[in-house]
Amino acid sequence: MSEGPRPSLLFVTDLSYEARGRRYCDEDIHLSSRLREEFDVALCHPRDAAALLDGFDMVVIRNSGPVLHYQEAYDAFRARALELGVPVYNPLHGRGDMAGKQYLVDLSRAGHPVIPTVDRAADLGLLPAAPEYVVKPKLGADSVGLRFVPQAALPEGDDGLMLVQPRIDFRYEVSFYFVDRDFQYALYAPRPEQRWVLEPYAPSAADLEFAGSFVEWNSLDHGIQRVDACRTARGELLLVELEDLNPYLSLDRVAEPVREAFVTRLKASLRDLSA
1 MSEGPRPSLL FVTDLSYEAR GRRYCDEDIH LSSRLREEFD VALCHPRDAA ALLDGFDMVV
61 IRNSGPVLHY QEAYDAFRAR ALELGVPVYN PLHGRGDMAG KQYLVDLSRA GHPVIPTVDR
121 AADLGLLPAA PEYVVKPKLG ADSVGLRFVP QAALPEGDDG LMLVQPRIDF RYEVSFYFVD
181 RDFQYALYAP RPEQRWVLEP YAPSAADLEF AGSFVEWNSL DHGIQRVDAC RTARGELLLV
241 ELEDLNPYLS LDRVAEPVRE AFVTRLKASL RDLSA
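Be aware that the sequence shown starts at 1, since it is given in our numbering, and climbs by one per residue.
Treat each hint with caution, since some may be false.
[Said to hold, decoys possible] Think about it this way: if two alpha-carbon atoms lie no more than 25 Å apart in a straight line, the pair counts; the simulated SDA-like pairs of lysine to any residue are: (1) K267 <-> I29; (2) K136 <-> H30; (3) K136 <-> L161; (4) K138 <-> L124; (5) K138 <-> R231; (6) K267 <-> D228; (7) K136 <-> V197; (8) K138 <-> D119; (9) K136 <-> D123; (10) K138 <-> Y70; (11) K267 <-> E27; (12) K267 <-> E37; (13) K136 <-> D159; (14) K267 <-> H30; (15) K267 <-> G55; (16) K136 <-> A110; (17) K138 <-> L127; (18) K267 <-> V41; (19) K138 <-> G111; (20) K138 <-> P203; (21) K138 <-> I168; (22) K138 <-> A121; (23) K136 <-> L68; (24) K136 <-> A121; (25) K136 <-> L92; (26) K267 <-> R23; (27) K138 <-> A153; (28) K138 <-> Y17; (29) K267 <-> R78; (30) K267 <-> L238.
[Said to hold, decoys possible] Pairwise CB distance ranges (calculated): (31) G157 <-> G125: 31 to 41 Å; (32) E216 <-> E132: 26 to 36 Å; (33) R253 <-> S33: 11 to 21 Å; (34) A205 <-> G125: 11 to 21 Å; (35) L15 <-> S274: 17 to 27 Å; (36) R234 <-> A121: 23 to 33 Å; (37) A99 <-> P192: 27 to 37 Å; (38) D75 <-> P190: 20 to 30 Å.
Hint data in this document are derived by calculation from the structure and do not stem from the laboratory. The model shown is predicted, which means the values in this text are computed figures rather than measured ones. Cβ atoms here follow ideal geometry from the backbone N, Cα and C, with glycine treated the same way.
From just these sequences and the hints, can you work out the full model?
This is the structure we're talking about:
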């Protein structure tokens, strides 16, 4: 008895995208080759996704670069995917970076353990005193438009468009990687001045509870999420970013058994989505 046709998968990536300290293309070449073991896979640039997606059973968005570099094409892709009902991985209703950085303001206001964040001049007084502050676009990515200022301030007309945060004195940054809601591995940068020199990190139960709480908050049943946090000088973890669109996975920084377990779990998640 012959097997039925394999699910077809449109793998959206920008193999030419250059990132500081990382080679995004290597990760996607490896990951797409592993997915071919169970799916019929085609790679395409994010600008081509809207025109191609109706020929596939599902779409996987991977290292496609910051959306702000191709916002019009991304908006067209979202609209077309919703119109056709093609499953997208990650699903398009994510509440984290997929929807901009408003979630940092909302979570901060609600008292969650995040870097204190406001987006309006009237709320600047809610920020703790700090020797320096960070101002960045709410729809920014990869530090585009980010600047440091000596005082918490927003230029006139930037209400709702920019985020203001205190510049945190932290020991290190750490990232927790999840498939669906299952924790996979963690990596950290023990030297803050070398953000992308990552090493395996053994999280405590409290660390996993911290990271898992944001994955639960995001309510995505399928998908890859990366919870980025910083360990403050006082020892607490604060959320820096909840990346739920196309998080870089740093798979070259984990041991082979961990990488294999991740690929196995990802395949299972995709099979479930396509069922």
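Worksheet item: What are the numbers of the hints the structure violates, in ascending order?
Response: Result: hints 2, 20, 30, 31, 34 and 38 break, sorted rising.
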